[in-house]
Structure formats: structure tokens, C-alpha cells
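Asker: Here are the chains, one letter per residue:
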Amino acid sequence: MSQSDSYEDIVKARREEKFAEFEDERKGLLHKFHHALHVTPALVPLIVLVASIVIFGVLLGSRFFSPFALTLILQQVQIVGIVAAAQSLVILTAGIDLSVGAITVLSSVVMGQFAFRYGIPVPVAVACGLACGALCGALNGFLVSRMKLPPFIVTLGTWQIILATNYLYSANETIRAQEIEESAPLLHLMGAKFQIGGAVFTVGVVFMIVLMLVLSWVLRYTAWGRHVYAVGDDPEAAQLSGVNVKGTLLSVYMLSGLICAFAGWALIGRIGSVSPTSAYEANIESITAVVIGGISLFGGRGSILGSLFGALIVGVFTLGLRLLGADAQWTYFFIGVLIIAAVAVDQWIRKVSA
Amino acid sequence: MEPILNAKNLVKRYGKVIALDHCDFELYPGEVLAVIGDNGAGKSTLIKALSGAVVPDGGEVWLEGARVHFHSPTDAREAGIETVYQTLAMSPALSITDNMFMGRELRKPGIMGKWFRQLDHKAMEDFARKKLSDLGLMTIQNINQAVETLSGGQRQGVAVARAAAFGSKVIILDEPTAALGVKESRRVLDLIQDVRSRGIPIILISHNMPHVFEVADRIHVHRLGRRLCVIDPKDYTMSDAVAFMTGAKEPEAVAA
Ligand SMILES: Nc1ncnc2c1ncn2[C@@H]1O[C@H](COP(=O)(O)OP(=O)(O)OP(=O)(O)O)[C@@H](O)[C@H]1O
Ligand SMILES: [Mg+2]
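Protein chains in written order, with the UniProt record's numbering: chain X, 1 to 354; chain D, 1 to 256.
Worth flagging that the hints you see were computed from the coordinates, not collected in a lab.
Hints should not be assumed to be uniformly reliable.
As the list claims (entries may be wrong) - A short, non-exhaustive set of chain X residues, derived as facing chain D with CB atoms under 7 Å:
(1) T222
(2) A223
(3) R226
(4) Y229
(5) A230
(6) D233
(7) P235
(8) L240
(9) S241
(10) G242
(11) V243
(12) F298
(13) G300
(14) R301
Virtual Cβ for every residue (Gly too), placed ideally from N, Cα, C.
Next comes chain X alone, as it looks inside the complex (with noise of 0.2 Å):
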């Protein structure tokens, strides 16, 4: 070779050689913190969860700061926590789903109908509404992945079609809680009630935490999971590395469709009756537990537990801020400054080194 190859003769010989170790006195515990929330995400609302409810526990003492209370929290925040599972899943592929409210309700619908209208076996009636949800997923799923359409704009026009339809099929007809009760108890099956001391629990509760467990592990211990993350990392490096991103696409739609229905269920259980016009505001508060719980709108990063605790966080300000006496705007007022503050947090974090 020529001569001016000849300064890569010294590497031509390989040396031993160890990892390089980095010492850490240099970071500073800001360090430290910011690369303990790059690694788990979740950190932030957990902890914005814990010293709210510390804060509304000194404010109030013992109204608060009771299993009663805080466990009606969770009741209240059930439909939201499931919806939210199904909108961080939408999200962490760097889309949005603005049709979980009304795929809910509509699954809710069908499920009531099904059932009272043609007298069809409640569990087949409660299966179909499942499937409903799915397939509601689906169509979403379908546009996004094989139409390429933005996913804000396919759901901003499934989101229409789905709730026009809700109020045509339903006719505008609410099923009342009694009758559900005395020929369909199943509809109201997580809605049922059961006491660990002065605790209270519903199925709905019970399967919303279920559910961001289960969906957690899935996100972190499987392919799927993180597959997941790829397509809302970088669709075009997924594609590139071997990962099917149109079929990762769909399925994320259809499962986040699914468990929208089984909110519409859990809604059965909450309200009591079978109502077109209920889960109205379920998209922003779905939005706004996952942009609080730490997951980036651009996808690809955060934790679905995030969104739980995002959840739980809305309803602790909503429950202590009224038995605090505060006007309800208030709340909103609230919600709103943490919405910025999180968005904010996740910029800081996205830097690699602060």
C-alpha cells in the first residue's frame, strides 16, 4: 500500500482493551436525576402522583386521606385509566386516536341493544360489542397503515362517523339501570362492588390495573412491545431493521379499539344505564392522562404506567380540589398548568446529556 496508508499500521495490531469506565462524580445528582427519568419515564408523574396526594392529605386530613376516599378516586377514574391504556398505545407509535369516546360509547351501545333489542344471550351481546370496538380499531388501523393517512385525521373523521352512527343505531334511546339489572346483570359485571376494609373496589378498577400491568410487561418483555416502540421511534429504520410495520400498525389500532370496548363495558357498570350521549369527554381526558403520565406525543418513549398514573393524578386534583370547596374550574385550571409542566419535563428528558 502507499505510504500515506502506513498511520493505520499502529491499529493493525489489536490490544487489549476495557470498557471504558466513566466516572460518575462528575455528573451531579441533577445528573443522576435526569438519567434515572431517561431510563424510567414513569418517575415523574409517580412522584407528582404521591406528593399530590401527600399535599391534599395534610390540606384535608382524614377526609382525604382515607381508603374510602382514595379508593373512590380510582372508581372515578376507571373509564379514563382503560381508555388511556388504549390511547398510550395509539401514541407511542407516534399517532393519536381521537375516536377511543366515541368507540366506547358505541360498543356500549351495541352491547345494551344487542341484548335488549334482538334478545340476544348477554354474553354473546357483550362479545359483539367487543368485536364492535375492535373493528372499530381496525378501520382506523386500516386507514393509517395501509392508506397512509395522518392518524389525527383519520380518527378526527372516524370519530364522527363512529358517534353518528352510536346516536342513529341507538335511535337516541337510553336503557335504564333497571332493567339492566333485572335481565342483563352482566352488563353491569364491572361495575360490581367488594370491600377490603374500608377500601372499595369495582371490577372496572380491578381490570384497569390488570390491564396496565399486563400491557406493561407485554411492551417491555415482547417483540410486539418493542415493536411498538420502533414504529413510533423511526418507521422508516423499524421498516429498514425487519419490522412489520404496517401489521404492527393495525394491530396496535385494533387492540387500543378493543380495550375502548371494554371501557364501554366497565361504563355499563359506572353509570348504571346504557346512554349515547355518556363518555363524551373521554378523548381530551384520555389525551391529557397521557401527555401528564410522561409519553411523548412524537412516540417511541414513555411508560403506559405513566398514563395510569396520570389518570390517578386528574383524579386526585378533581376529588381534593372538591372537598377542598374549590370551584370546579379550578381543577381545570390545574390539569391545564400540568399538561404544559409535563410537556415540558419531556423535552428536558428527550436531551440526551442536560
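Got chain X sorted already, so can you dock chain D with the ligands onto it with the hints?
Answerer: Positioned in the frame of chain X, the structure of chain D with the ligands alone reads:
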């Protein structure tokens, strides 16, 4: 000798730009074929057509004498063609291990793996660590660190390690040393020789002429979307090669 991978008349258009203009290509068993050409000559498009990342508008691709139709990079990977793309194709927020095993994750043995589809993180980490130290990328501290926390060169090293670890028939490297340091480039060149000695042919795209002339058995000169000529590095100088690829000199009926 039969080529292991060849292509005939490949055409790829991007709107009005013709990235591949009836391009032919041959790769023989056990060889290192360098592909050189100006920026925008269509080198990356050519290898993408061979690796399934781009579906050509026209032309044919043959692997070991059989016609193949790759519709996605996964198809090509399953056929044993492994590629390091110029853009590296890594998910920045995921760990080195996650990236190395993306799309071919290992599952745990037993019930957890079979029924719950749990991944075997430990096995994947050990494998990734071994492959990286083979490449001399020991300066990476933690196999679980996110790829975005690596330097550009370290990322490239991880991508090369991934391809070398999994390629069984053909390995394609699109500018694998562009961001690497002197020592790391040397490791990649060593690795290329290693892989060749295992009998696996390599396609190497590079702008670094000394490297090309050092490792290549043949050099495919790409110009304006097609193969201009194939030269033997023993018969030509680096200046000749540069003259061909820039159009300063016409190859006189070269057959190599
Ligand atoms: N995705 C794309 N969309 C539109 N045009 C493209 C696309 N990819 C490549 N091209 C065009 O095709 C031509 C060939 O590009 P290609 O990336 O294959 O060049 P290259 O030889 O790899 O160059 P370099 O040495 O800079 O990597 C260029 O003119 C480029 O503008
Ligand atoms: Mg290129």
C-alpha cells in the same frame, strides 16, 4: 462461475429522477465487490433494490440462480442477505440489544417463551456484547444504553456488527466506515476479510479509495444510474478509478 447474486436491467424512477437506469450487477461467491461512484450516482438505490428496501420498477434479481422478488427488507434477510444502510436504520430510543435483534428477537425457552412470548433478554445481551467486542467496540459501556446516547461512529459499529452477525449469504455495507475512527475503520476492514474467509461475499460501497483498493477483489464503477464498468484493482490505479467514476476518462472496453 455462477454469480451468487445478480441483477439485470434494474430500473428505478423517483418522479423524473432516474436513480437506476437499466443497471446490471453481479456478485460472485466469496468475493468482496466494491461499488464506487459519485454522490447521487445511484449506489444506495442499487443495493436497496437488492435488499428489498426498494422494489424496482423494472428488471430482475437472481439469488443463487433463482429469481427472487423481495417486497421488504425482511424477505431479503430471510434469504440470507444482510444490509447496513447508509442511514443505519436504528431506533434511537431503544437499546443496542433491542436494535441488534429487531425483527428476529429470541424468545425464552419453555412456557414463558412459548405461551407468553417472553423475550430472552439475557441471551440477546450476551450475544450483542460478544459481537461488539469482536469489532473492538469496547468503548461502549453498557449494552442496554439507548442507541441515541452513542456517538455516530459507535452507532455505525453497532450496525456493522448486526449485519456481520446475521448475514449468511450476502452482506451489503453502504459506506460502513464513513463515520468511523482510524482504529474502528481498521476493525471493519478486518471484519470484511474475516467474513470473506468464511466464504460469504460482501458488497462494499465506499468513497475511501485506499480502503476499496485494499479489500476489493473487483470494483463496480457506478455512474449516472448504471454500471459503467467493472475493474480489477490490480490492473488500475486509484486515479484511474476516480477518473472513470467522475467521467474524466472513458473506460476502453473493459472486461474484468
Ligand atoms: N427516496 C427518494 N426519493 C426521491 N429521490 C431519491 C430517493 N432516493 C434517492 N433518490 C434520488 O436517486 C438518485 C440516486 O440516489 P442514491 O442515494 O442511490 O445515490 P448514492 O450513489 O448512494 O449517493 P451517495 O454517495 O451520496 O450516497 C439521487 O439523484 C437521488 O436524488
Ligand atoms: Mg448512498
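Asker: None of the hints should be skipped; say for each whether it holds.
Answerer: These are the hints, each one checked on the structure:
no.: 1; hint: T222; result: 5 Å, holds
no.: 2; hint: A223; result: 4 Å, holds
no.: 3; hint: R226; result: 5 Å, holds
no.: 4; hint: Y229; result: 6 Å, holds
no.: 5; hint: A230; result: 4 Å, holds
no.: 6; hint: D233; result: 4 Å, holds
no.: 7; hint: P235; result: 10 Å, violated
no.: 8; hint: L240; result: 4 Å, holds
no.: 9; hint: S241; result: 4 Å, holds
no.: 10; hint: G242; result: 3 Å, holds
no.: 11; hint: V243; result: 5 Å, holds
no.: 12; hint: F298; result: 10 Å, violated
no.: 13; hint: G300; result: 5 Å, holds
no.: 14; hint: R301; result: 5 Å, holds
Checked against the numbered hints above, the structure violates hints 7, 12; every other hint is satisfied.
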